[in-house]
Amino acid sequence: MAPYVVKRVLFSLLVLGVISIIVFSAVRIIPGDVCHIVLQTPDVTEAQCKVINSELGIDQPVVTQYFKYIGGVLKGDFGKSLITKRDVFAEMKDRIPLTIELTLLSTIFALLLAIPIGVISAIKQDTAWDYVLRFITIGWLSIPAFWLGTMLIVFPSTWWNYGPPVGYVNIWQDPFKNLEQLYLPAISLGLALSASLARITRSSMLEVLRQDYIRTARAKGLSGNVVVIRHALRNAMIPVITLFGLQVGVLFGGTVVLESIFSLPGLGGLTLSAVRSKDYSQVQGLVLLFATVLVFLNLLVDLSYAWIDPRIRYS
Amino acid sequence: MRPKGVLRGKNNSMEENANYWLRRKVSRRTTIRGAAVASVGAGAFALVGCGDDDSTATPTAKPGGTTSASPTAVAKVPKPGGSLSVTLPAIAPLLDPYTVTSFQTAYVNGMSYSKLVRFKAGTPDVAPADNAMEPDLAEKLPEQPDPLTYTFKIKANAKFHNGRAVTSEDIRYAYDRYLNYEKSVHKTGLTFIDKMEMPDAQTFKITTKLPYADTLAYLGGNLGAWISPKEHAEGPDATTKMVGSGAFLHTETQAGVSLSFKKNPDYFDKPYPYFDDVKMFGVTDPAKRVADFSSKQVDLTWLMLPDPRDQTKKQRPDAKFEETQGIGGYIYLRTDKPPFNDKRVRQAISMALDRKAISDAISKGEGQPDQLYYIGYPFARQTKDLPQGKYWEKNIAEAKKLMSAAIGEGKTIDTTWSHADITAYGQEYLDQATLGQNQLKQIGINITDNTQAYATSYLTTTYQGNYEGMGHSPRAVSYFLDFVTERFTMKPKRGRINLSYVNDSKLEDLMDKQRSQLKLEERLVTIKAIEELVAEEQYEIYFNTDTRTYFWNPDLQNFRPTVWFPYTHLMKAWRDKA
Amino acid sequence: MSSVAETVQPVPIIELRERTGRLKSLWRVARKKPIGAGAGIVCILLILIAVFASQLAPHPVDAQAFPRLRAPSLTYPMGTDNLFRDMFSRIIVGSRISLGVGFAAVFVGTVIGAVLGMVGGYLGGWADLIIGRVLDVMLGFPPLVFLIFFLSIFNNQGGYSLKSFLLISVAIGVIIAPTTARIVRGAVLSIRNLQYIEAAQSIGNTTPRIMVRHVLPNVVAPIIVIASIQIGNAILAEAALSFLGLGIANAGHPSWGALLQDTRAVWQQAWWTAFMPGLAISLAVLSFNLFGDALRDVLDPRLRQ
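Taken in sequence, the protein lines are chains A, B and C. Numbering-wise, the first sequence is residues 7 to 321 according to the working numbering. Numbering-wise, the second sequence is residues 3 to 580 according to the working numbering. Numbering-wise, the third sequence is residues 9 to 313 according to the working numbering.
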């Protein structure tokens, strides 16, 4: 196992390196002058530009810039925002908990919905239950999250004058208020995920239920429910978890829209506003942060797969 | 200095006849309609007037808003304490008054910073567009030994939030920084100042280069006049914190989400402020802004157009509200090049627009045909009363005739129309462009729409005059009359928002003249001439204005929004609820 | 994205039969999978609507000639919007951008994904290793974050133009490609060591020739399945971009996502402005998903029973 782990970790670092090069060079071919962005005014003299360029270090060769930047990033220094001049990492650090919480809440919501649906669908395969549930879940997949999110803002307020508390409080300060602020965006974000998860739960349950050991368990006289819960579901969860690992990226992407609609201070909303205000040092930091998390998650998925299925690590 | 009362009396009588807004009955519970919105939308960028004035004027109180109309305030006992939550359309990322022009910043600056003087409007007894001034840091309005000199006495108990007393040197420092700091965005605003003197720590004396009519209005305005102390302005937190001498201490920024304020116990105007805490939330989504107020999550809303306004009224029948006249969009075009250098083409465009349909679509038909000096100025004439009023009436046949005369029978014009995307000014501004472009097809003007990203493209190209064909922005009228200079001058270089490339010596002369006319009646004659000239030439083509409404909880007392700065007097407000 | 992990499955070999036989088998499948067949018909209808949009729309898309905000009725089957326009016409014409970008993106994604998957799967070794890392790089970007990042840099001007169309399609294609690549790779692995490939190798065929003539025909089925499912995702991605104002739609060239964004301010007063474009998006995505699902069931012997 150890050589395999080392190999995978090295690959992941390599992938991160490539991503950082892509992001870094993409940001450097942006049209538009950095000093205009920094000064937020078109009347910029060349002298001012020089000062700014040397402050930002962009008068140096690109390769030097890159290594300086990466050196900084490794020490947690992502540079300063072009617009607010605040530390890029500090700006992100404040927002990480919200995005993590939102992602987790929508995952929990999705799992709570998906697993029962998937299991019922599998046990009652090809019955009316199965068809209805499959149709519903595939229907969820077709609802745009931004549409659902807006609906959840507009209609409760129209019908019942209900709206979640404005602003954002940290979960440690006031857990109830925090949850009330986050459950609507979490539902909007989690619905499509729950559909995917329900579908994969169903198909992997079907597969597991056909396996010999389940038949053995049944033959031993265990009742249907026990078999499903104790034996089948546990094994059927492996592909579900894999899929989830791959879907975290989709969730992160979804936070861009939902945090903007719900005015929440997370990484997604920050990404959108940074892109809109051309704050490329901030954008660069955000994309790298997202990429690091995703690459790390994909690594975990791969490793857990290899741990479960020894054939993989020897292939 | 002309005694205010006299002048206002005059205005009032004039308004009775002239100002549509005063004759119109408005909302059930509140007050009158104001005028001019200082900086909703484009305001921020349009407001800094008097760019290159080497001209003159005296501080006459300039005719601005409306007085009159019965205030609803009754003598009530203020109830100190409690908190207030307010909606803003966004939380400005940068808060430094010296380096940011955004109206979003200017609005919140007023919570923590002070100026020498300020507009009186902001409490129920003053109309939202009243242009009367009152002292802020100054003890009283300045003494004026001669038309060029203003002497201010600074309040002895005025202190910055860091505990240091405000001195005349701080005022000098601030004005100097606005004028000369390399990153200042208000370099042109104060150029009327010739000399600043500080005879003692409490006395501040300005000498203007030439008599300038709008001195006080500028110093009391919301851009380029806040006093931020040197130690803060040059410190590391200049852009992220506000440390001034205002009624509220800025305690926390939750980036993109909220700003928190606490009562400033040492505020120089006792017994203000009443609130212990004020929290401002940035909510970009208009639907969410309605929802937040409907569900009583906030106490005071941001401006609402008629559709959401009616929705809010339905959902919060108990709420108080104030309808202020909204802004109008306008078209600018390259008058320095064919085909728009021909005024007949511009007139034809104006006559081809169906302003009523546009109003119906975005503002439920509310609002008025707009022209240069219309919004907010009680003396201004409505478009129908102008000799050039016909250009505001839809008349396709006439427009077609003008077009054939200008470019030839059966010819068409292919051009582009540049404007910002939804992020800055909202959907209604885009709708205006969509409708307008379609209407112009009828007279053979085929438009390619060019929607630009606000910050990354529109502000740096179109709004700087780098565009071809036509452009479109929301228009805000400033709180001082000399704003026309920035719109139309070419002296010594193109005025910052002379986006139409107007180069008209007759107009330049009139602009120079009004700036140095000290008597309002005389100045108005010039202003009217400017108005008619611009109307005839259609240098800028104006849409109708819309109406915009603030809502607030019924228990919020002694508050009234103003058209140029909704929160100036929030320190005087309180809530009845315990 | 739903199908990411339901990936590596053995692929049946498509039998080439007579034309009549094919039609017959199509009918058999349709009877067995009525929902999938129905969805397939809806998909075809949607494509026809997009192709003949200008002929089908009762009014020009930008005609501002109707009463404002009318609820759906016989005259205005989907109501009118806040700018005096007929929603029905706009939704019909809107299908062009929504489906157009959807198909173009899936085409780009499928080509990239299929090539990477085939090369990686067939060659194995270093090529597979490198391609695997390329896919990891692609998967390292959250899809929507990648889209707005990519478009803010390369499509700075935006607007309705061929350039925007291509860039948006490429961007969405890139986020789609890894899924396709994984599935195709899996399919290739399952046939790589079959005898007929060995036979082809032994008579001296070049690698590219084998891949095109012998490998590709046998992975066409999974490619079609995954492509049909991903059209739905591409349509949703386009809608999200339009909603964020980064799409190519404008007043004269609507897309479903842009229709939603345009009318957002009046959703509360006029439910149909939110409902109708939403319905169009959901119907299209649902149909392509159901169709793709049915295809998979038909082509996957394990689930066919």
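Keep in mind the hints are simulated off the structure, nothing from the lab. Using N, Cα and C, we set each Cβ at its ideal position, and we do this for glycine too. Honestly, I wouldn't trust all of these hints.
Reference excerpt, derived from the structure (chain B facing chain A, CB under 8 Å, subset only) [to be verified]: (1) Thr253; (2) Thr255; (3) Ala257; (4) Ser260; (5) Phe283; (6) Asp287; (7) Pro288; (8) Ser406; (9) Ala455.
Going through the hints against the structure:
{"no.": "1", "hint": "Thr253", "result": "violated, 14 Å"}
{"no.": "2", "hint": "Thr255", "result": "violated, 10 Å"}
{"no.": "3", "hint": "Ala257", "result": "holds, 6 Å"}
{"no.": "4", "hint": "Ser260", "result": "holds, 5 Å"}
{"no.": "5", "hint": "Phe283", "result": "holds, 5 Å"}
{"no.": "6", "hint": "Asp287", "result": "holds, 5 Å"}
{"no.": "7", "hint": "Pro288", "result": "violated, 10 Å"}
{"no.": "8", "hint": "Ser406", "result": "violated, 39 Å"}
{"no.": "9", "hint": "Ala455", "result": "holds, 7 Å"}
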